[in-house]
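Undergrad: Work out the full structure: start from the sequences and follow the hints.
There are 2 protein chains.
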Amino acid sequence: MKSKRIKISDNSVRRLSKYIRKLKELESSEVEAISSMELGDMLGLTSSQIRQDLSAFGDFGLPGYGYGVPSLRRGLEDVLGVNSKLTAILVGVGNIGKALIENFPFSKCGVQLLGAFDIDPGIVGERVGEIMVQNRIALDEQLTREAPDITILCVTRDAANDTANYLVERGVTAIWNFTNTEILSPYSPVLVENVHFSDSLQTLCYYINEKNKKRPN
Amino acid sequence: MKSKRIKISDNSVRRLSKYIRKLKELESSEVEAISSMELGDMLGLTSSQIRQDLSAFGDFGLPGYGYGVPSLRRGLEDVLGVNSKLTAILVGVGNIGKALIENFPFSKCGVQLLGAFDIDPGIVGERVGEIMVQNRIALDEQLTREAPDITILCVTRDAANDTANYLVERGVTAIWNFTNTEILSPYSPVLVENVHFSDSLQTLCYYINEKNKKRPN
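Keeping their order, the protein sequence lines are chains A and B. For what it's worth, the numbering used here labels the leading residue of the first sequence as 1, then goes sequentially. For what it's worth, the numbering used here labels the leading residue of the second sequence as 218, then goes sequentially.
Hints may contain errors.
To give an idea of the chain B side of the interface with chain A (calculated C-beta under 8 Å), a few residues [as the list claims (entries may be wrong)]: (1) 230; (2) 231; (3) 303; (4) 312; (5) 315; (6) 328; (7) 366; (8) 391; (9) 408; (10) 415; (11) 417; (12) 425.
In silico EDC-like cross-links for lysine to aspartate or glutamate, where the CA-CA straight-line distance does not exceed 20 Å [what the hints assert, rightly or not]: (13) A/18 with B/399; (14) B/235 with B/276; (15) A/22 with B/399; (16) A/108 with A/78.
Hints are computed from structural coordinates only; laboratory data are not their basis. From the three backbone atoms N, C-alpha and C, an ideal C-beta is built for every residue, glycine too.
TA: Structure, rendered in structure tokens:
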């Protein structure tokens with residue numbers, strides 16, 4: 001299935017993983033086809049939103065049948081490039097770094113974790129999950145030998161900007177940023193995907209407060 | 218400043234924290250006023266998007282002047298309820314749980330962390346940051362004594378659903394979910410805010426693949 005080359009909004013891209021997750025669930029329950037209305041109900045989206053998103057990504061869906069669950073899932077995974085086998089390294093093996101190495105299903109996302117690096121001699125040489133933590137010299141060697149597609153930045157907030165600049169100077173072009181702080185300028189050509197825990201918590205707080213306002217006193 | 222009681226989209230709510238973060242940065246650079254155009258440029262949004270979002274949340278902005286940076290920041294914080302002082306507990310003190318307790322600025326988000334709980338005797342009684350990890354009996358007591366506004370769920374993926382159900386039975390009404398798995402039904406009245414690392418990584422992969430497609434071979 002060929003994906004159309006039209007301008008796709010960031011929100012649509014972000015909904016893709018949501019669709020894929022739900023489709024996998026449906027597949028494991030052996031659901032074969034689904035309408036945009038049903039999918040919308042499950043995800044809290046309107047059916048027109050779903051149809052608009054999916055038509056932007058390719059020619060999925062058959063009139064009167066809906067979407068074939070396994071084929072739609074595979075099609076959307078192709079759009080996301082889940083099978084494109086990108087490489088990653090992780091920099092900063094503190095609690096978050098360890099949690100990702102030990103628990104995050106990189107391979108399911110089509111990403112291969114090549115290595116993890118830290119400057120703390122207390123952690124260098126230690127084994128975390130299946131990865132041996134290496135030092136800064138090894139990081140330089142890694143970047144010279146094979147620049148990873150993705151660098152996962154898990155250093156402390158204080159070290160975030162200096163480390164990001166150091167990495168970019170050595171050829172890093174995409175950063176998955178767990179430092180809870182803004183790194184690099186928005187004009188930088190480097191792709192930065194921020195995991196801002198505080199945005200997520202503040203969104204939850206907003207909904208709690210809205211709910212509390214409606215509650216009779 | 219009174220906020221209007223109109224229907225606000227989830228995307229607008231999620232952009233609120235983004236605005237507040239940028240406004241704080243501007244305040245620390247002593248910028249006093251900003252136009253929707255300038256703010257849009259900084260955040261990668263259109264000025265009309267900004268005006269639409271901000272007008273949904275309140276009467277901010279003066280014609281010919283733009284938005285006063287400190288007053289807009291305070292106004293948006295009020296909308297988010299940053300000053301409403303919600304309480305939280307954390308359940309499951311593994312790597313992610315530790316990372317949150319040690320590094321996450323709860324108080325800056327207006328949230329007070331009351332306690333952290335785990336069933337592993339190896340961690341119960343240990344001090345993490347300023348918190349002493351307590352056992353399940355203490356968790357039951359906490360929930361009976363004072364149901365927290367927010368429960369931060371950091372248990373393993375396998376334990377996620379059982380723990381969520383257990384918590385909800387004991388009166389938990391809002392969960393900040395770090396288990397990387399879906400918990401509870403979408404029809405549950407419990408508020409669930411998911412931190413899905415994989416959605417974020419897959420979004421980054423999408424942009425990397427798009428960039429690679431454009432690259433001359």
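Undergrad: Evaluate each hint against the coordinates.
TA: Right, here's what the structure says about each hint:
Below 8 Å, beta-carbon pairs count as interface contacts, and residue 230 of chain B has one with chain A at about 5 Å; its hint therefore holds. For residue 231 of chain B, the suggested interface contact is upheld, since its CB lies about 5 Å from the closest CB of chain A, less than 8 Å. The criterion of a C-beta within 8 Å of any C-beta in chain A is met by residue 303 of chain B, whose closest approach is roughly 6 Å, and the hint holds. Proximity of residue 312 of chain B to chain A holds as hinted, the smallest CB-CB distance being about 3 Å (cut-off 8 Å).
For residue 315 of chain B, the shortest C-beta to C-beta distance to chain A is roughly 5 Å, which falls under 8 Å, so the interface hint holds. Hint status for residue 328 of chain B: holds, given a least beta-carbon distance of 7 Å to chain A, under 8 Å. About 6 Å separates the beta-carbon of residue 366 of chain B from the nearest beta-carbon of chain A, less than 8 Å, and the hint is met. At its closest, the beta carbon of residue 391 of chain B sits 5 Å from a beta carbon of chain A; the interface hint therefore holds under the 8 Å criterion.
The restraint placing residue 408 of chain B at the interface with chain A holds, with a minimum CB-CB distance near 5 Å, inside the 8 Å limit. This hint holds: residue 415 of chain B has a C-beta 6 Å from the nearest C-beta of chain A, less than the 8 Å allowed. For residue 417 of chain B, the shortest C-beta to C-beta distance to chain A is roughly 5 Å, which falls under 8 Å, so the interface hint holds. This hint holds: residue 425 of chain B has a C-beta 5 Å from the nearest C-beta of chain A, less than the 8 Å allowed.
At most 20 Å may separate the alpha-carbon atoms for a hinted pair to count; residue 18 of chain A and residue 399 of chain B meet this at roughly 11 Å. With a C-alpha separation of about 19 Å, the suggested pair residue 235 of chain B and residue 276 of chain B falls inside the 20 Å cut-off, and the hint holds. Note on residue 22 of chain A and residue 399 of chain B: the hinted pairing holds, with a Cα-Cα distance of about 9 Å set against a maximum of 20 Å. Taking the CA atoms of residue 108 of chain A and residue 78 of chain A, the gap is near 13 Å; set against the 20 Å cutoff, the hint holds.
Figure legend: structure checked against the earlier numbered hints; every hint is met.
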